[in-house]
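Throw the hints in and build the complete structure from the sequences for me.
Line by line, the protein sequences give chains A and B. All letters in the first sequence, in the order written, are residues 1 to 404 by our numbering. All letters in the second sequence, in the order written, are residues 405 to 808 by our numbering.
Hints are all accurate, no fakes.
Quick list of the computed label-pair ranges, beta carbon to beta carbon: (1) B:G413 with A:K315: 35 to 43 Å; (2) B:Y550 with A:K315: 25 to 33 Å; (3) A:K224 with B:E730: 55 to 63 Å.
Within a straight-line C-alpha distance of at most 30 Å, the following computed DSSO-like cross-link-like pairs (lysine-lysine) qualify: (4) B:K750 with B:K668; (5) A:K313 with B:K717; (6) B:K579 with B:K631; (7) A:K313 with B:K494; (8) B:K518 with A:K23; (9) A:K90 with B:K432; (10) B:K717 with A:K90; (11) A:K227 with B:K668.
Keep in mind that the hints were calculated from the coordinates and are not lab data. Owing to the predicted nature of the structure, the values given are computational and were not obtained by experimental measurement. Each residue gets a CB set at the ideal place from its N, CA and C atoms; glycine is no exception.
Number of protein chains: 2
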Amino acid sequence: MKIALLGLGTVGRGVVEVINENKDSIAKRAGQPIEVKYILDIRDFEDEEVGRLIVKDFNIILNDEEIEIVAEAMGGVEPAYTYAKASLSKGKSFVTSNKELVALYGAELLELAKNNEVNFLFEASVGGGIPIIRPLNQSLTADEIYEITGILNGTTNFILTKMKEEGRNFEDVLKEAQALGYAEKNPEADVEGYDACRKVAILSSLAFGEHVSYQDIPTEGITKITKEDMAYAEQIGCVIKLLATCQKQDGTIFARVAPVLISKSHPLAMVNDVFNGIFVKGNVIGEVMFYGRGAGKLPTASAVVADIVDAAKHKGTNIISLWNREKIELKDKDQVKVRYFVRLQKDEACIENVVKEIFGDTEEVQSPYNEYAFITNIETEEQFAEKVSRLAGFTIMNKIRIEK
Amino acid sequence: MKIALLGLGTVGRGVVEVINENKDSIAKRAGQPIEVKYILDIRDFEDEEVGRLIVKDFNIILNDEEIEIVAEAMGGVEPAYTYAKASLSKGKSFVTSNKELVALYGAELLELAKNNEVNFLFEASVGGGIPIIRPLNQSLTADEIYEITGILNGTTNFILTKMKEEGRNFEDVLKEAQALGYAEKNPEADVEGYDACRKVAILSSLAFGEHVSYQDIPTEGITKITKEDMAYAEQIGCVIKLLATCQKQDGTIFARVAPVLISKSHPLAMVNDVFNGIFVKGNVIGEVMFYGRGAGKLPTASAVVADIVDAAKHKGTNIISLWNREKIELKDKDQVKVRYFVRLQKDEACIENVVKEIFGDTEEVQSPYNEYAFITNIETEEQFAEKVSRLAGFTIMNKIRIEK
Numbered sequence: 001m002k003i004a005l006l007g008l009g010t011v012g013r014g015v016v017e018v019i020n021e022n023k024d025s026i027a028k029r030a031g032q033p034i035e036v037k038y039i040l041d042i043r044d045f046e047d048e049e050v051g052r053l054i055v056k057d058f059n060i061i062l063n064d065e066e067i068e069i070v071a072e073a074m075g076g077v078e079p080a081y082t083y084a085k086a087s088l089s090k091g092k093s094f095v096t097s098n099k100e101l102v103a104l105y106g107a108e109l110l111e112l113a114k115n116n117e118v119n120f121l122f123e124a125s126v127g128g129g130i131p132i133i134r135p136l137n138q139s140l141t142a143d144e145i146y147e148i149t150g151i152l153n154g155t156t157n158f159i160l161t162k163m164k165e166e167g168r169n170f171e172d173v174l175k176e177a178q179a180l181g182y183a184e185k186n187p188e189a190d191v192e193g194y195d196a197c198r199k200v201a202i203l204s205s206l207a208f209g210e211h212v213s214y215q216d217i218p219t220e221g222i223t224k225i226t227k228e229d230m231a232y233a234e235q236i237g238c239v240i241k242l243l244a245t246c247q248k249q250d251g252t253i254f255a256r257v258a259p260v261l262i263s264k265s266h267p268l269a270m271v272n273d274v275f276n277g278i279f280v281k282g283n284v285i286g287e288v289m290f291y292g293r294g295a296g297k298l299p300t301a302s303a304v305v306a307d308i309v310d311a312a313k314h315k316g317t318n319i320i321s322l323w324n325r326e327k328i329e330l331k332d333k334d335q336v337k338v339r340y341f342v343r344l345q346k347d348e349a350c351i352e353n354v355v356k357e358i359f360g361d362t363e364e365v366q367s368p369y370n371e372y373a374f375i376t377n378i379e380t381e382e383q384f385a386e387k388v389s390r391l392a393g394f395t396i397m398n399k400i401r402i403e404k
Numbered sequence: 405m406k407i408a409l410l411g412l413g414t415v416g417r418g419v420v421e422v423i424n425e426n427k428d429s430i431a432k433r434a435g436q437p438i439e440v441k442y443i444l445d446i447r448d449f450e451d452e453e454v455g456r457l458i459v460k461d462f463n464i465i466l467n468d469e470e471i472e473i474v475a476e477a478m479g480g481v482e483p484a485y486t487y488a489k490a491s492l493s494k495g496k497s498f499v500t501s502n503k504e505l506v507a508l509y510g511a512e513l514l515e516l517a518k519n520n521e522v523n524f525l526f527e528a529s530v531g532g533g534i535p536i537i538r539p540l541n542q543s544l545t546a547d548e549i550y551e552i553t554g555i556l557n558g559t560t561n562f563i564l565t566k567m568k569e570e571g572r573n574f575e576d577v578l579k580e581a582q583a584l585g586y587a588e589k590n591p592e593a594d595v596e597g598y599d600a601c602r603k604v605a606i607l608s609s610l611a612f613g614e615h616v617s618y619q620d621i622p623t624e625g626i627t628k629i630t631k632e633d634m635a636y637a638e639q640i641g642c643v644i645k646l647l648a649t650c651q652k653q654d655g656t657i658f659a660r661v662a663p664v665l666i667s668k669s670h671p672l673a674m675v676n677d678v679f680n681g682i683f684v685k686g687n688v689i690g691e692v693m694f695y696g697r698g699a700g701k702l703p704t705a706s707a708v709v710a711d712i713v714d715a716a717k718h719k720g721t722n723i724i725s726l727w728n729r730e731k732i733e734l735k736d737k738d739q740v741k742v743r744y745f746v747r748l749q750k751d752e753a754c755i756e757n758v759v760k761e762i763f764g765d766t767e768e769v770q771s772p773y774n775e776y777a778f779i780t781n782i783e784t785e786e787q788f789a790e791k792v793s794r795l796a797g798f799t800i801m802n803k804i805r806i807e808k
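This is the structure:
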């Protein structure tokens, strides 16, 4: 089977490498050999073996009837979206690692694939090589999923792990991550949680069967987490993780990306460094977790190539995927129930009494600093915010959601 | 789509429950409603709703052309094997949670399914509800798998967790596990590692594509592990887990079930209580882990029903599965390389010198008992056994493989 690859960046190169390196086992699994016939890229790569496969005009790929699968590894919404629509409409399966494309147009492209009896596959768009999209679609089919919570961004997890283990501050570790190539020069997409937000939008759309817009998901990053927060976490037997979550609560769906204090005994607590972990809860299976490298050239290529194999095996058959274009109205974020860990500067003697009066019975946390720290009871975000507003005059060092 | 269920024991009841409870979402995923038409059982269940579905004669099921899928939850090799062959030969897909049946006849039944353009599916036979068979077959297809290591038995993991956390001895915790229903009255299949052995035989056959006989896999249980071993483990930053493993080493395949000391930072170290964890290493993806409840009525039923959905979706198409009938010759177990943690009773003053002379430079472990404890260098099982034989005259308290 002949395929075309769009984009010869890091992931694209990985795809070519994997297809060459594991040629025989891939042919066995796909039922036939897989061969890259074209690579679309604006560059020439004249000095390299792959240079002879380079084309500049997407129409060459589109109009070649031999090409049955198009694999996209360019990133960005355009021209990926246009190419995806054109490929699927021409009866070619389309495989992508592009979380932006999938988060925005997944429902539409799945429908287009179905109408053309081909497949739109995107295992690599979430969790890199970790099998999560296919298990959600094909393994957890007996279950009604009511929660997915994951560490979906390797860069921020690396930063939080280093901050915890080495007692260092955010900016300091971010610089190291940038030097190591784990974080971009402009790290915003990672550290502000935008990357995780797109990924959890994809997962929730698949889990609940209707479209979740990533723009609707309240998203907080890790830039405000300090080494002092880490020290508190340790003291109360917790770790701080950037969790992306979607949950069914009282019949409505709620999603969020935010740093959260979780107990050290939670399976996600041991997901460290650049690893990702995705925790899924279903009404039959209970809890399952998927763990592995969430990014990187080869892990991502592994998922792209597995999708290519799947598309080859399912030639002429659309693999059912439930993700309608109908949009899910997410629960009002102010009505979501939460508990917070709060740190106040101890600038007034009466602080404990004030906290008690506003928050009622809270759980006090011993502070190694000149602070008063406590954990609230469960209440809505709105109720919490209202109480916090009454702390005017006090200096709030930080407030972090806690689940334990 | 009409299906038949063989056996209304714990798992069988779970299957009926799940199909009723999640009827709508299952119908969506399968593309059509799934209905249990017959249940084969020797009992009557006259007082129950399901009583009307009971049949005593398998031929009623076999000869009913409406039945397209047969789900088996009886356990044991016979008559499950006969029913599986008959069903597949008649063009009915066969779904099972029966690890014994799959470990013995997986290759043959997969071939039979292929020849009849139906499917033989067995997700529930390993890891209960954890998706592992389908990910191996369909997600990790770009990879050459070179290792699978897992905690595959919930009962022994519960016992080891309790021994560690509560400083109790094996027999003591076993009694509690029996009282709680986690361990059988005759606990041999679990505590001697036989259950894990069958499961790792299935995983290795799928990963390496040829048949691994479970009878060939060297298997040790956990009956010799003591609370003193647990104390040592803690001291050197390790935990003791019953690990089932298969690995490609220098071109040959090696498998084993045994208790092993692993570092606390290993992802499998946090798999506690009755949970299972399966660690897979591939040449592209790196490491991935699957975690969840490895047994129990509903988790197991979740996997059985997911297989039923998959069989319904793939009506008329055999899902390629690579597990040939050709048998793999496993590596000679004496030639496998290992490190051991060894505890000797300190009954002679010169013990340190003797150990040094026999084992060379070892890593000494501080002992809180009247013992001399150390960790060997990496060598073959044969070399280690030869050295141990030279310790005649000393009392060996225990020796446990260590990987860290």
